[in-house]
Each structure stands twice: as structure tokens, then as C-alpha cells.
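Engineer: The chain contents come next:
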Amino acid sequence: MEIIMSVVIGLLFMAAVYLMLSKSLIRIIIGTGLLSHGAHLLLLTMGGLGGNAPPVVADGVAVSDYADPLPQALILTAIVISFAVTSFFLVVAYRAYQELGTDNMELMKGTEDHE
Amino acid sequence: MSNLLLFPILIPLIVATILMLFPNKIKMQRLIALLGTIATLAASFFLIYKVFNDGIQVVTLGSWPAPFGISMVSDLLSGLLVATASLIVLFVVLYSFPTIGIKREQSYYYPAVLFLMAGVNGAFTTGDIFNLFVFVEVLLMASYMLISHGGERSQLRESIKYLLVNIISSALFVAAVALLYSVTGTLNMADLAVKIPQIENTAILTVIAVLFLVVFGFKAAIFPLYFWLPGSYHAPPMPILALFGALLTKVGVYAIMRTYTLFFTMNIGFTHELLAIIAILTILAGCVGALAYFDVKKIIIYNIIIAVGVILFGVSQMNEAGITGSILYLIHDMMIKAALFFLVGIVAVIFGTSNLRQMGGLIKTYPLLGWTYLVAAFGLAGIPPLSGFPGKLLVVQGGFEGPHFWGSIVILATSLIVLLSAVRIFIYAFWGEPVETRPLKKSAYRAMLIPSIILVAITVFFGVGAELFMPFVSDAAEVMLNPSLYIEAVFKE
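So the protein lines, in turn, are chains A and B. For the first sequence, this note's numbering gives the first residue as 237, with consecutive numbering after it. For the second sequence, this note's numbering gives the first residue as 1271, with consecutive numbering after it.
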């Protein structure tokens, strides 16, 4: 199971890198979304996929049957952080589109001297 | 009070929350922000006193036993850095009053600065690798807000790049934590330091160590990963730039120092050799940039990159002189970068441009500013009585004692380039034919100059009185060289 997950995560990272290297800003933001999905799935996989019972104490469940609760807590934290950052990024991209009139990263270079 | 080490995190957090309630009352905003930073500074000084007398302070939140809860650990290194960061935020707040502008002050400027302070202090204090990630995100989130704050065209353009780079490095941080967790099964730094030496397969740990170097290298702007920094730091206004230049890269540097002395010590032959080579390349890359530009901001920005290289070279040597020197140089560099950005900011305001070619002859009209800048520039280059000297001396000594004597030679040679780049600003802006300047109100000038002069005076004191600070710094270095002290302190609780 871990092997399949690793391959899927690898594909997600690959798609994310491809999208983030493109010119259009919205494709880049989609790429960051895929990148964080990949990172979160990696966290889940690396915690080990053994244990089928949800990590809630219940009667009649052996300790070895519980899924590892720590990666799930870490993922939950990382999800809300990346959610906040993504929403901020989207708003900055929207403002930049309004102000600069382009979403093409090629046209967004230069310094104060040549605006 | 066992919770003392949380105060430098909690005070700015609470003050920032309070400040969000009344954004339009500027006088209240200024007063409360100032009081909050002063209180944080006082708490951090008391913390240093406590750590120096009673040893490493540890709180494991919620009274769980050590590896299961989140440990907050304050040894002298993090204590000193928290105090320096608090000092710099205090001066940035003072410098912001005349420079940042009322519109920005009304749009949650001070809360963002204080949230940044909470994030930085938290990142310096935490003893848990995932908690470090969270605190880094706290300070990054505040920095995203500050870098785009005001919404000028150049700020929007550069904040997109800054955001993207940091999102990528944060995702890599999560991936690196995931890999480390799967190998060791723990996230507590002290517990990692216990578990990592027991693992026989060092190859995978070396890979993770290099991945962490990439992650923190993005934040610290080391050689192949510094490309985002000059453009992004050029965009925001001067007090924000001073805050970023003094604090943000140093969090990355601190994280490398901590991980590479505490637990990634299983394969020093490879990891620390790599760190030394990268540090030297970082210095060279920064020198090229510092000489290439005729823009006062850009010159100082590239000097940040040079300093990161010097500090990391000291760390990579893993001997007493190198580590002591890098801690001294880190503290010096945080203060001198803030002071230089303050002074250069005044120069840029007076001329209305940051282009050196359009400047000249300022020494006749603003002599005090000129001489203060010269002292700061000499301090940056490490002229003996000033603050850059003792740190760099020890880093160079560490290099000669360690395996990388050629690195020390490069550091000595590049000091001349640092001096040249900083003095070039003095020659162009202060000497030569006077050019037309913008009228500047006496009161505004004084309000900008006084915090800068005090900060420069503190750096001079830090250099001249280096003997006074040495006991603290050598204690900090001792903990870094003997991880067992750190581990015992955490597990004693």
C-alpha cells in the first residue's frame, strides 16, 4: 500500500512542479495546491498505513489496530495553514491582476527602474 | 516562574490581538505597540539572566512527559537571539512612527509587526520540529502581509514571487518532517538527538539532513537558493525591509545551527563539508551582488547574503572557536543590518531615490548622519574595536583550526569587498558635489535619526564590550557542542 501511495505522491509532486514552472499565475497557484496535497499525503503515508481502527478510544479494539494519530494531527495543522496561505495567495494574485493588468509571470519582471 | 520563557512569545501575541480591535486610533496603536515591545524586551532580558544563572529553561506544554508534549526550550543561544530580535523590533517600531505613513498604520501595520515578533521568538524557543514549522508559518504569514502591505505595483509583483518561494519551501519542510518521522518516530528535538545516533542506516539520515538544509536554506538565502531575496526585499518600505533583513533570514540560519549541531551529527564528513562549501559560495555570490549594484538598498541586501555565509561557515567547523564566532557574528549582524537599513533609509528619503549615481555631498548638510553611517559601515566590515570584529575573528580562527583553512582565507579577503561596498555608499552619497535634496522636516529627520544612532551605539558597545558578552556566548556554544546538556535539560522535567 505504501508503494502505491508513494507513486501517487510522486505523480502529484511531478504535476505540481510542471504547473509551477508555467507562465500563467493561476496554473502556478493550482500547482501549489497539488504540492501541498502531495506533502500531506506523504505525511500520512510516512506515519505508516497499518491499523484500521480510527484513533478514537473504543471498547474491544487492540492497541495495534489503531491508526497512528500523530500524523493525522500534523496533517490537520498543515491543511489549515496551507489553506490560509492559498487564500491569501489567490487574493494577492487577483490584486496583482487588477493593478498590473497581466497574469503572465514573464511580464512581471523588472525593478523600479523599468516598471 | 517556570513559564517565563513563554513570555517573549505570549506578550506580542496578546498585544497584537488587542491592537486589532481599534485600527484607526493611531496614537493608541503606537503607544500600545511600543509598550508591548518594551515589555517583551524586558522579559527576554530577564530570561537570559535566568538561563545564565539556573541553566537551560524547559517547559513541556500541558505537563506531559518530555517526548510526548511540545517542549519549549530556552538555552542561551535562543535566549540571546530572542533578546536581539525583541531589541530590533523595538527600534523598528520607533523608526516606523515617522516613516511608514498614516494609511499603512491604519491598516493593521503594528499587529502584523507584533505577530511577526511572536513567530520569530517562538521559532527561536521551540524544542519540537513540527512546532518550529508552525512558528515559521506564523512569521511567514505576517511577512506576507507586510511585504504586500500598501499594495504598490512593485510590492504586488514581488510579493507573488516571495509567496511562491515560501510556499514551496514550506511544502518541502512538511515532506522533510514526514521523512524524519518515519525514520525516527519522534518529533521532539531532544528525543531526535537521542534516537538518531542509535539508527545504523546513516545514509537515509544524511538525505534528510540535506533536505532540511534545502528547506532552511530557502529561508536563510544560502547559495543556490538566494535568488528570491534581492528582488523581494527591494519592494517593501524601509522599516519593513529592516525588520525582514534583520530577522527573517536569521530564523533559517538559527534552524540550520540547531539541527546541524543537535541531531544531524551522524555523518559530519559529508553534511558539514557540504555546509562549509555552500557557505563559502554564498559569501562569493553575495560579494558579486554587493559590488554590482548602484542602489543603496540592493548593496545592503546582498550584504545580508554575505553574512549568512560567514555565520554558516562558522557553524560548519564544529569547533569551539567557529561556533562561538558564529553566534557572536549572528547577534552583531542582526543589529548592524537593521541599523544600516535605517540609515540608508534616511539617505534615500533625503534624495528621493535609492540610486547612488544621483546622490552626493550630504556630509556638509547632514554631518551627524554621515559619521554615524561610517561607523556602522566599519562595524559591518569588522574593523577591530567595532562589533563585526570579534565574531569574524573567531569564525576565521575556527576555520584555520578546522579542516577548511581556505574558507577562512576567503572570508578575510571578502571582508575587503564588504568594506568597499559599504564605503562606496559613503563616498557617493556623502562626498562629492552636492546635489539637490528634498526638503525634510527637522522633527521627522530627528525622529528617524535618533533610533538609528542609538542602535549603532549599541552595536559599538557590543563590539567594544565583547568581553562582557563572552561568558553568555561561550555558554551558548557549550550547549551546541555538547548536545547531552540540551537532552538532559529536556528529559529532566
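It should be emphasised that the hints constitute simulated quantities derived from the structure, not laboratory data. For clarity, every value in this text was computed on a predicted model and none was experimentally measured. Don't be surprised by glycine CBs; every beta carbon is placed ideally from N, CA and C. Among the hints, a few may not be true.
A short, non-exhaustive set of chain A residues, derived as facing chain B with CB atoms under 10 Å [stated by the list, open to error]:
1. Ser-260
2. Ile-264
3. Ile-266
4. Leu-271
5. Ala-275
6. Val-292
7. Ala-294
8. Val-321
9. Ala-329
10. Lys-345
Derived CB-CB ranges, DEER-like [as the list claims (entries may be wrong)]:
11. A:Ile-262 / B:Lys-1712: 47 to 53 Å
12. B:Ile-1724 / A:Leu-247: 42 to 48 Å
13. A:Pro-305 / B:Leu-1280: 24 to 30 Å
14. A:Thr-338 / B:Pro-1673: 46 to 52 Å
15. A:Arg-263 / B:Trp-1641: 40 to 46 Å
Engineer: Work down the list of hints and note, for each, if the structure agrees.
Structural biologist: Evaluation of the provided hints:
Because the beta carbon of A:Ser-260 sits about 12 Å from the nearest beta carbon in chain B, more than 10 Å, this interface hint is broken. Of the supplied interface hints, the one on A:Ile-264 holds, with its beta-carbon coming within about 6 Å of a beta-carbon of chain B, less than 10 Å. Hint on A:Ile-266 is violated. Least Cβ distance to chain B is approximately 12 Å, over the 10 Å limit. Taken as an interface hint, A:Leu-271 checks out: its beta carbon lies about 5 Å from the nearest beta carbon of chain B, inside 10 Å.
Against a cut-off of 10 Å between C-beta atoms, the interface hint on A:Ala-275 holds, since the closest Cβ of chain B lies about 4 Å away. Nearest Cβ of chain B to the Cβ of A:Val-292: about 18 Å, over the 10 Å cut. The hint is violated. For A:Ala-294, the shortest C-beta to C-beta distance to chain B is roughly 21 Å, which exceeds 10 Å, and the interface hint is violated. At about 6 Å, the closest approach between the beta carbon of A:Val-321 and any beta carbon in chain B falls short of 10 Å, and the interface hint on this residue holds.
A cut of 10 Å between beta carbons decides the hint on A:Ala-329: the least distance to chain B is about 7 Å, and the hint holds. The criterion of a C-beta within 10 Å of any C-beta in chain B is met by A:Lys-345, whose closest approach is roughly 8 Å, and the hint holds. One distance hint, 47 to 53 Å for the beta-carbon pair A:Ile-262 and B:Lys-1712, holds here, with the actual separation near 50 Å. Between B:Ile-1724 and A:Leu-247 the beta carbon distance is about 56 Å. The supplied range of 42 to 48 Å is therefore violated.
In this structure, A:Pro-305 and B:Leu-1280 meet the distance hint of 24 to 30 Å, their C-beta atoms being roughly 27 Å apart. Under the hint 46 to 52 Å, the C-beta atoms of A:Thr-338 and B:Pro-1673, about 51 Å apart, fit the expected range. One distance hint, 40 to 46 Å for the beta-carbon pair A:Arg-263 and B:Trp-1641, is violated here, with the actual separation near 53 Å.
The earlier numbered hints that this structure contradicts are 1, 3, 6, 7, 12, 15.
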